[in-house]
Each structure stands twice: as structure tokens, then as C-alpha cells.
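J.: The residues making up each chain are set out below.
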Amino acid sequence: MRTKPERAHPVLERVAVVANDRVTEGVGLLRLRAPRIAATVHSGQFIHLRIAVGADFILRRPFAVHRRDGDVIEVLYRVAGRGTHDLETKRTGQEMDAIGPLGRGWEPGEVSSALLVAGGIGAAPLGMLAEDLAARGVAVSVALGAPSGERLVARGLFERVARRVGVVTEDGSEGETGLVTLLTARWLEQETFDVICACGPEGMARAVAEQARFARVPCLVSLERLMACGVGVCLSCVVSTTHGLKKACKHGPVFDAEEVVWDASESPQRA
Amino acid sequence: MPPSPRSVPEGMRPSTGAASVDMTVQLAGLTLRSPVMTASGTFASGHEYAEFVELERLGAIVTKGVSLEPWPGNDSPRIAETPSGMLNSIGLQNQGVEKFCEKQLARLGGVDVPVIVNVSGHSIAEYAAVVERLEQEPGVAGYEVNISCPNVDEGGMAFGVGCTPAAAVTRAVRDVTSRPLIVKLSPNVTDIAEIARAVEAEGADAVSLINTLLGMAIDPETRRPRLARVVGGLSGPAIRPVALRMVWQVAQAVALPVVGMGGIMTGEDAVEFMLAGAAAVAVGTANFVDPTSTRRVTDGLREYCVRHGVPRVRDLTGAMDQ
Ligand SMILES: Cc1cc2nc3c(=O)[nH]c(=O)nc-3n(C[C@H](O)[C@H](O)[C@H](O)COP(=O)(O)OP(=O)(O)OC[C@H]3O[C@@H](n4cnc5c(N)ncnc54)[C@H](O)[C@@H]3O)c2cc1C
Ligand SMILES: Cc1cc2nc3c(=O)[nH]c(=O)nc-3n(C[C@H](O)[C@H](O)[C@H](O)COP(=O)(O)O)c2cc1C
Ligand code: FES
Chain A
1 MRTKPERAHP VLERVAVVAN DRVTEGVGLL RLRAPRIAAT VHSGQFIHLR
51 IAVGADFILR RPFAVHRRDG DVIEVLYRVA GRGTHDLETK RTGQEMDAIG
101 PLGRGWEPGE VSSALLVAGG IGAAPLGMLA EDLAARGVAV SVALGAPSGE
151 RLVARGLFER VARRVGVVTE DGSEGETGLV TLLTARWLEQ ETFDVICACG
201 PEGMARAVAE QARFARVPCL VSLERLMACG VGVCLSCVVS TTHGLKKACK
251 HGPVFDAEEV VWDASESPQR A
Chain B
1 MPPSPRSVPE GMRPSTGAAS VDMTVQLAGL TLRSPVMTAS GTFASGHEYA
51 EFVELERLGA IVTKGVSLEP WPGNDSPRIA ETPSGMLNSI GLQNQGVEKF
101 CEKQLARLGG VDVPVIVNVS GHSIAEYAAV VERLEQEPGV AGYEVNISCP
151 NVDEGGMAFG VGCTPAAAVT RAVRDVTSRP LIVKLSPNVT DIAEIARAVE
201 AEGADAVSLI NTLLGMAIDP ETRRPRLARV VGGLSGPAIR PVALRMVWQV
251 AQAVALPVVG MGGIMTGEDA VEFMLAGAAA VAVGTANFVD PTSTRRVTDG
301 LREYCVRHGV PRVRDLTGAM DQ
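Line by line, the protein sequences give chains A and B. Residue numbering for the first sequence follows my numbering, starting at 1 and increasing by one per position. Residue numbering for the second sequence follows my numbering, starting at 1 and increasing by one per position.
Possibly wrong hints are sitting among the right ones.
Quick list of in silico lysine-lysine cross-link-like pairs, DSBU-like style, CA-CA up to 30 angstroms [unchecked claim]:
1. A:K90 with B:K103
2. B:K99 with A:K90
3. A:K90 with A:K250
4. B:K99 with A:K250
5. B:K99 with A:K246
Computed Cβ-Cβ distance ranges for the label pairs, DEER-style [claimed, not checked]:
6. A:G81 with B:D315: 43 to 49 angstroms
7. B:E137 with A:P147: 54 to 60 angstroms
8. A:R163 with B:I218: 35 to 41 angstroms
9. A:R82 with B:T164: 42 to 48 angstroms
10. B:D175 with A:F214: 34 to 40 angstroms
11. A:D256 with B:D315: 55 to 61 angstroms
12. A:S148 with B:I218: 27 to 33 angstroms
I should point out that these hints are in silico values taken from the structure, not numbers from a laboratory. We put the CB at the ideal spot given by N, CA and C, even for glycine.
Please take these sequences and the hints and turn them into a complete structure.
T.: Take a look at the structure:
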């Protein structure tokens with residue numbers, strides 16, 4: 001089902017901060033000048049960013065490319081710990097190095113309609129996909145979920161390019177009250193889609209995958225794993241699949257939901 | 001002292017004096033074009049990093065551990081970041097020696113660099129069987145026998161923590177190969193020099209050290225261990241002083257050449273290991289941090305030699321002043 005576009009080799013690039021702005025509580029949007037990565041990145045691929053040099057945390061941090069804008073790539077990040085806390089303090093002109101583009105992104109193939117499902121910061125890898133699909137004339141529907149209205153991200157982007165955007169929050173502070181699967185269940189009953197692309201907490205991705213299977217719609221999910229190397233060397237990022245263990249950094253982060261053997265203990269996300 | 005080369009941006013250092021320093025070293029019967037090798041499990045079989053460094057400039061590529069049958073490895077999470085390092089409990093996930101020969105080794109065929117295969121086993125017989133299979137492959141320059149992995153229940157480290165089993169594995173492998181044989185030692189022992197002497201007596205051509213130090217981490221929020229297997233191996237700069245001490249002790253205890261590793265990030269770090277007695281060094285976790293690390297370490301080592309008027313890098317081995 002998935003077509004395999006030629007993936008460019010990843011490069012190690014000095015990237016410069018063009019802007020770094022807070023978009024909502026605990027979430028920032030980083031714009032990085034990264035001409036070489038921007039030149040070849042596909043939606044759903046990620047970069048492995050070295051946030052600090054000389055700090056006592058040494059590993060890189062993986063982030064999806066949220067959007068591409070000429071020479072600039074955007075990263076939408078949630079402050080989650082030491083690395084992302086440091087990231088928040090980066091100012092225009094500061095440089096870091098990034099490896100990218102990495103992994104296999106969204107490869108929905110030839111479709112005329114798509115349902116994108118985002119939970120919280122899971123909207124990050126869906127931004128560029130929504131733009132690309134819309135530019136190809138695909139009818140894009142986006143279901144956005146978050147614990148509360150302040151945790152909704154990228155709504156503006158989706159509203160610009162999608163045919164329809166639905167919002168669900170757990171506390172009801174915006175949109176409908178409940179989980180995003182409430183909305184996707186209803187949409188899937190009402191109409192059919194050629195593909196579903198989901199990213200968010202692993203429990204959400206799994207629930208969407210089950211709905212997709214029931215509705216017989218192909219479903220792609222982007223998964224997170226702890227990553228050391230990011231390039232397929234260290235085997236820290238494995239995902240259990242029907243074809244055995246696969247590396248999230250190389251064969252993923254986007255997987256065909258049908259091949260994922262869901263195992264919550266593999267996910268790095270804290271509830 | 002001249003300014004530190006650290007001020008020059010990574011990957012952009014000039015190769016000053018490239019011609020003036022002899023970078024070759026001898027190791028277990030092999031002539032390496034540089035003392036800088038890769039540490040097993042941190043470079044796969046090289047191809048992923050070929051995008052970032054010239055494999056031909058490495059002293060040797062040491063592969064990920066290979067066993068007789070495929071091993072699935074441990075449950076996730078398999079890594080945890082810790083101060084200046086990381087814990088891993090990958091558990092020697094590999095596809096088994098047959099697939100290894102078919103895929104990885106075949107792909108390295110065209111690359112002009114010695115390939116040292118890191119060998120693991122659950123039993124003494126398995127170590128020997130893996131090596132016997134690899135003997136049929138002309139592309140193998142030598143073996144690094146891993147008797148020190150802290151991440152598998154049977155085998156692995158169990159062989160490396162006592163003189164008798166360490167000697168027995170070495171003997172069993174020595175009996176089936178005349179190729180260079182490096183035995184990789186565990187730091188999780190009371191007296192590493194004693195183990196080094198035991199493997200020397202059984203015919204090892206070199207020893208490499210250190211493998212990872214056993215450690216653990218707990219997430220206070222969830223009260224759960226950060227690794228599924230609870231304990232794992234610590235690597236990276238955090239272990240460098242311990243590794244250096246052990247290299248120094250072993251170099252004094254045996255006549256064999258020593259491959260030193262543990263937290264090497266820069267050329268200066270490599271110099272430390274050589275001064276302590278290492279004939280060659282390996283770069284591990286640093287590859288994850290900076291995929292050009294092997295090149296940086298090599299260039300840094302060469303620049304050090306230029307700066308200090310050292311004509312041959314091998315002159316550094318054991319040259320600590322006391
Ligand atoms: C392919 C991929 C794409 C991602 N894209 C985005 C994105 O676009 N926006 C965003 O906000 N986050 C994204 N994440 C999650 C992001 O990488 C983590 O939130 C980040 O690494 C946390 O680092 P920290 O130092 O702030 O947290 P700490 O908890 O201090 O990090 C400690 C260690 O755990 C790792 N870690 C912690 N949480 C995660 C996690 N959820 N996933 C993977 N590793 C984790 C860190 O990388 C680090 O090695 C992505 C993860 C992956 C695997
Ligand atoms: C992710 C990972 C995987 C490893 N796999 C192996 C292995 O398969 N065989 C082995 O002998 N050592 C293995 N090691 C140990 C390294 O080769 C090295 O001895 C150790 O990490 C110390 O060096 P460093 O601090 O430079 O990483 C592994 C280390 C890491 C971090
Ligand atoms: S992060 Fe190293 S193999 Fe995926």
C-alpha cells in the first residue's frame with residue numbers, strides 16, 4: 001500500500017535559530033535555518049538535534065519537522081525535561097547541529113481524502129503533511145484532541161489548509177468534551193477516507209488504529225521511542241511489529257498501523 | 001601551550017601535519033592506519049555512519065556482537081540517559097551469524113578497512129561455533145570476543161567475571177582460529193588485571209577494555225526503573241576515569257597490546273588512553289552524540305602529535321610520565 005519515495009541521505013548540518021516563540025503554555029515553535037535538511041525533508045521525518053554542548057546531558061533529542069518554509073524548518077516542541085527546557089532558552093542567531101532528515105515519514109500514496117488525527121503535541125509531525133496533501137488537492141479532515149484548550153497546538157495551520165477541523169478537549173474548555181476518538185468514530189461512520197494518519201499518545205494512536213481497522217481504512221501512525229543514535233545503529237528504539245522488531249528511527253517513526261504489535265511499555269511517554 | 005583545538009568548529013579542523021605524523025599502529029598482528037577504531041554496538045557495521053565519516057580512515061571497524069542464532073534482545077525501554085553518559089540494555093539483539101555474513105559482511109566487502117567481528121555466545125561452544133562459521137569469510141580481519149556484556153542473563157558477562165571461564169572461552173576460540181584474537185574484558189570485576197593475565201595465558205593476541213559498567217536509574221515520579229531490565233551498562237564520558245585506570249592496570253599486568261575505550265569524545269581523551277598504555281582506542285557512545293566523532297578523535301590525536309613533536313603516534317603508548 002505504501003509507496004516508497006526515494007529518501008535522501010541524512011546530513012549533519014549547523015542550523016541557526018531564526019525565531020523561537022512560545023505558542024501556548026509549555027509549547028514553543030522553533031524556526032531553524034537549515035537549507036540542506038529543508039531541501040530534502042518529507043513530511044513525518046524528523047531531525048536529531050544536539051541541544052547543548054558541554055552540558056552533562058549528552059544525547060541528541062529527536063523532533064519532527066513540523067513545517068518547511070524555504071530554507072527554514074519548523075519544530076513544534078513541548079517542554080518535557082532538561083533538553084527541551086534548554087531549547088526554550090535559545091535565541092535568534094544561536095546555532096546547534098542537527099542530523100536529518102531522518103526516518104520514514106508519511107507515505108500515504110495516491111489518495112483523494114485523508115483524516116489526520118492529532119493528540120496534543122502529536123500535531124507536530126502532521127503540519128507539513130496537511131499542507132502537502134492540501135496542495136495536491138486532497139480533501140483533508142483534521143481531528144485535534146488535547147487535555148484542555150491551552151494544550152491545543154497548530155490549530156491555525158490546520159484551519160488554513162484543511163477542509164474541516166474538529167476539536168475535542170478532555171475538560172471541554174474548547175470544542176467537544178471527551179477524547180478525540182469520539183470525533184473520529186463519528187466521522188468514520190458518516191463518510192469514508194482513503195487514509196488515516198495519526199500521532200499522539202500511544203493509547204490514542206492505538207485506539208484510532210482500531211477504529212480504522214473496523215472501518216477498513218488504511219492507517220499510518222507515528223510512534224515515539226527513546227533514541228540514542230537516531231540513525232539505525234544502537235537498537236534502542238525498537239518497535240514490535242508483525243515482521244519482528246523494527247527501528248523507529250529508520251523504518252519509522254511512521255508505521256502502518258496493521259503491522260504494529262501494540263506494547264505500551266515500549267513507549268517513552270509518561271501518561 | 002598553543003591554543004586548544006577545541007575552539008575550532010567540529011568537523012572543520014585542519015589536518016595540519018597529516019604527512020608528518022606516522023599514525024599507523026600494530027595490533028594483534030594487524031597494521032592499522034590509525035589507532036582509532038569503533039566500539040562494538042555503537043557503529044553497527046559502518047554503513048549508517050559512512051554518510052558522515054570516511055570509513056577508510058578508521059583503524060578498524062568493530063561490528064555489533066554476533067551470536068550463532070538470532071537474539072531478540074531485551075524488552076524496552078532499553079536506554080536511559082544519565083549524567084554525562086547513558087545506560088543501555090540492548091541485550092545483544094542481532095540476526096545471527098548466517099544473516100550477518102550474508103548482509104553486513106557482504107556490504108563491507110568493498111570498503112578498505114579491517115573488519116573485526118565482535119562475537120557473543122551463551123556457551124563456550126557457541127563462541128567457538130560463531131568463529132568457526134566466520135573463518136569461512138575472507139572479509140574478517142580478526143575477532144573481538146565479548147566475555148563482558150552485562151545485558152544477557154546467561155553467558156556474556158558470566159564468562160568475563162572469573163578467570164576460569166574467561167580462560168576457557170579464550171582457549172576454545174583460539175583452538176579454531178589463527179586470526180587475530182582480541183578478548184574484551186568486563187570492568188565489573190574486583191581485579192581486571194587477573195582476568196587479563198588469564199586470557200593472555202590462553203593465547204589471546206590483545207585485550208580490549210572496558211565494556212560498560214553495570215548501573216541503574218529509577219524514575220522518581222513513577223518509582224519504576226528506567227530500564228525494563230532494571231540494570232544496564234553505563235557508557236560515555238561518565239566512565240572515562242574508571243576506564244583509564246583499568247587500561248593502565250592491565251597494560252602493566254600483561255605484555256599484550258591493549259585497546260582502550262570508555263567515554264572517548266576527543267583527541268585528547270584518546271591521548272590519555274594511549275599514555276596509560278593503550279596501543280589503540282575505540283570510540284563508542286560519542287558516535288551517537290556526534291556522528292563525526294571518529295574523525296574528530298583521529299584529527300585531534302594527530303594534532304596533538306604535531307603540537308608535541310611526536311613523530312609516531314605509537315610512541316604515545318605507555319608514555320605517561322610519573
Ligand atoms: C521521532 C520522534 C519525533 C518527535 N517529535 C517531537 C516533536 O515534534 N515535538 C515534541 O515536542 N516532541 C517530539 N518528540 C519527543 C521529544 O523527543 C522528547 O519530548 C524530548 O526528547 C524530551 O527531551 P527532554 O530532555 O526535554 O526530556 P527528558 O525527559 O529530560 O529526556 C531524557 C531522555 O529521554 C528522552 N525522551 C524523553 N521523552 C521522550 C519522548 N516522548 N520520546 C522520545 N524520547 C524521549 C530524551 O530524548 C532523553 O534522551 C519526538 C520523539 C521522537 C522519537
Ligand atoms: C548501545 C550500545 C551497544 C553496545 N553493544 C556492544 C556489543 O554488542 N558488544 C560489545 O562487546 N560491547 C558493546 N557495547 C560496549 C561498547 O563497545 C563500549 O565497550 C562501551 O560502551 C564503552 O565505550 P564508550 O563509553 O566509548 O561507549 C555497547 C555499548 C553501547 C552504548
Ligand atoms: S535510535 Fe539508534 S537504532 Fe534507532
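J.: If a hint holds in the structure, say so; if it does not, say that too.
T.: Here's how the hints hold up against the structure:
1. A:K90 with B:K103: 43 angstroms, violated
2. B:K99 with A:K90: Measuring from Cα to Cα gives roughly 45 angstroms; hence the hint is violated.
3. A:K90 with A:K250: Measuring from Cα to Cα gives roughly 28 angstroms; hence the hint holds.
4. B:K99 with A:K250: 19 angstroms, holds
5. B:K99 with A:K246: Cα-Cα ~16 angstroms, so holds.
6. A:G81 with B:D315: 43 to 49 angstroms: 45 angstroms, holds
7. B:E137 with A:P147: 54 to 60 angstroms: 55 angstroms, holds
8. A:R163 with B:I218: 35 to 41 angstroms: With Cβ atoms ~48 angstroms apart, the hint is violated.
9. A:R82 with B:T164: 42 to 48 angstroms: For A:R82 and B:T164 the Cβ distance comes to about 45 angstroms; the hint holds.
10. B:D175 with A:F214: 34 to 40 angstroms: Cβ of B:D175 to Cβ of A:F214: about 60 angstroms, so the range 34 to 40 angstroms is violated.
11. A:D256 with B:D315: 55 to 61 angstroms: 57 angstroms Cβ-Cβ, so the 55 to 61 angstroms window holds.
12. A:S148 with B:I218: 27 to 33 angstroms: 30 angstroms, holds
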